[in-house]
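**Q** Below are the chains, spelled out letter by letter.
Number of protein chains: 2
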Amino acid sequence: MSLKVYRVLEKVEVIVAYHTYVKLVNKLIQKEQEIISTGMTKEKERCRQAIKSAEQGKKVAIISSGDPGVYGMAGLILEMLLQQNLELDVEVLPGITAANAAASSLGAPLMHDYAVISLSDHLTPWEVIEKRLHSASESDMIVALYNPKSSQRIEQIELARQILLKYRSPTTPVGIVRKAKRGKEEVSLTTLEAMLTEKIDMLTTVIIGNSQTFTAQKLMITPRGYSL
Amino acid sequence: MSLKVYRVLEKVEVIVAYHTYVKLVNKLIQKEQEIISTGMTKEKERCRQAIKSAEQGKKVAIISSGDPGVYGMAGLILEMLLQQNLELDVEVLPGITAANAAASSLGAPLMHDYAVISLSDHLTPWEVIEKRLHSASESDMIVALYNPKSSQRIEQIELARQILLKYRSPTTPVGIVRKAKRGKEEVSLTTLEAMLTEKIDMLTTVIIGNSQTFTAQKLMITPRGYSL
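For the record, the sequence lines run as chains B and S. Start counting the first sequence at 29; every next residue gets the next number (our numbering). Start counting the second sequence at 29; every next residue gets the next number (our numbering).
Please keep in mind that the hints were generated in silico from the structure rather than gathered at the bench. Hints may be right or wrong, so weigh each one.
Any copy will do: because identical chains look the same in the list, a pair fits if it lies in one copy or spans two.
Quick list of in silico lysine-lysine cross-link-like pairs, DSS-like style, CA-CA up to 27 Å [stated by the list, open to error]: (1) 209 with 32; (2) 55 with 39; (3) 39 with 194; (4) 194 with 212; (5) 87 with 212; (6) 227 with 246; (7) 80 with 246; (8) 32 with 246; (9) 212 with 72; (10) 39 with 86; (11) 86 with 246; (12) 194 with 159; (13) 246 with 87; (14) 51 with 72; (15) 87 with 32.
Just so it is clear, the structure is predicted and the values come from calculations on it, not from any experiment.
Construct the entire structure; sequences and hints are all you get.
**A** Here's what the structure looks like:
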């Protein structure tokens, strides 16, 4: 969390968030602050509640984990405000998105060009996701996978791995980070070949190296290109 | 800057940084802290100095702007420590990289899959960069361009635009942010067609929308896919 977000959270009157994210900021919440918390798929409901409170003149924060601008709440709230033609003062405050948080726990795997791709086909056709996996793999970008697997959605990570294997060596380093920088973080280093034996779920970020990425002493590093 | 980095900077004895970045943290520097600052292309020199200080038992911070793990100093320092077989305690602390900082100032352009590509061919062959531009464009990823143009390197941004135009409409929204979240920020919204008339330099991040990205009321938004 940035210093700026910390200071803004101190000042708002209402905090709107998914249940799990309320827990993440629990220690910062003050008695007089109103908390509106809803379930995982209730994004629109959360925005509606936030807008309602803001229209009553209250200062409201909608929380996402990581960066609200990456598969988070920033886009939805702005779209809803535009649709309803509301002129409320809104500011998007950036955060550290999971790819970058996870990367720092692995060493420095994102030192070169990279693609951020969500494997959730809930709102995006799988064909679109598949095409992006092919493109990123073919052009040797590092790939950070979000939402790799859920209890109901288990095959996408297997398909993604198969696509990557068409272009990259089975020994390509893969970093898997669960709960990146959220406490009780779990970090493992594996390869494209072996990655499916690791625990992967919705709290996991998967980083697949490019052709230059290497591992040494529990670090995953993609060289920027300096001659040492 | 994250709360964590703020706290670490308070505690270190030595701060190593590129001149410009020393200025960015000037207010936080305490009298008793030693500052080692060098010019732009002296990355290896900076790492050497940091390692020297750390070997003397001092607590040292090497600073990058944005996220040190994205085209920053994290990879180089880890590579040099591995090469010299030094077992110093190192921690990479993530930050908000320019793509995400710039996105938040534009609205929410990175709400869907995106590619981060540096146009600097100083350490990377242009053919590799070009291939990545083609791939990201073809698969309809949002594209964030780093190091788009310098005083000596002016044609890459023109070539990148030409590649994007092969796959995307000339009216595709483009967000240009200079000095993202660094103070005196400059934000402009333009299109693929018109973007070259904007001021673009090494302090600029360029975000090119995908086929769904739109602009309204000075906001650049890529829908995540929710039906409103």
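**Q** All hints are to be evaluated individually against the structure, with a verdict given for each.
**A** These are the hints, each one checked on the structure:
1. Taking identical chains as interchangeable, the C-alpha atoms of residue 209 and residue 32 lie at most 27 Å apart whether they share a chain (18 Å) or sit on different chains (11 Å).
2. With identical chains, the CA atoms of residue 55 and residue 39 are at most 27 Å apart both within one copy (15 Å) and between copies (23 Å).
3. For the homomeric pair residue 39 and residue 194, neither the shortest alpha-carbon distance inside one copy (51 Å) nor that between copies (47 Å) is at most 27 Å.
4. When the C-alpha separation of residue 194 and residue 212 is checked against a cutoff of 27 Å, the pair qualifies neither within a copy, at 34 Å, nor between copies, at 46 Å.
5. For the identical chains of this complex, residue 87 and residue 212 are inter-copy neighbours only, at 26 Å across copies versus 32 Å inside a copy, given an alpha-carbon limit of 27 Å.
6. Only within a single protomer do residue 227 and residue 246 lie at most 27 Å apart by alpha-carbon distance; the minimum there is 18 Å, versus 43 Å between protomers.
7. With identical chains, the CA atoms of residue 80 and residue 246 are at most 27 Å apart between copies only, with a shortest distance of 23 Å across copies and 49 Å within one.
8. When the C-alpha separation of residue 32 and residue 246 is checked against a cutoff of 27 Å, the pair qualifies only between copies, where the shortest distance is 23 Å, while the shortest distance within a copy is 33 Å.
9. For the identical chains of this complex, residue 212 and residue 72 are neighbours neither inside a copy (30 Å) nor across copies (34 Å), given an alpha-carbon limit of 27 Å.
10. For the identical chains of this complex, residue 39 and residue 86 are intra-copy neighbours only, at 11 Å inside a copy versus 38 Å across copies, given an alpha-carbon limit of 27 Å.
11. In this assembly of identical chains, the alpha carbons of residue 86 and residue 246 lie at most 27 Å apart only when taken from different copies (24 Å versus 48 Å within one copy).
12. For the homomeric pair residue 194 and residue 159, the shortest alpha-carbon distances inside one copy (13 Å) and between copies (17 Å) are both at most 27 Å.
13. Taking the closest pair of Cα atoms, residue 246 and residue 87 come within 27 Å of each other only across two copies (22 Å); inside a single copy the shortest separation is 45 Å, beyond that limit.
14. For the homomeric pair residue 51 and residue 72, the shortest alpha-carbon distance inside one copy (20 Å) is at most 27 Å, but the shortest distance between copies (42 Å) is not.
15. Taking CA atoms no more than 27 Å apart as the test, residue 87 paired with residue 32 passes in both settings, with 15 Å inside one copy and 26 Å between copies.
When each numbered hint is compared with the structure, violations occur for hints 3, 4, 9.
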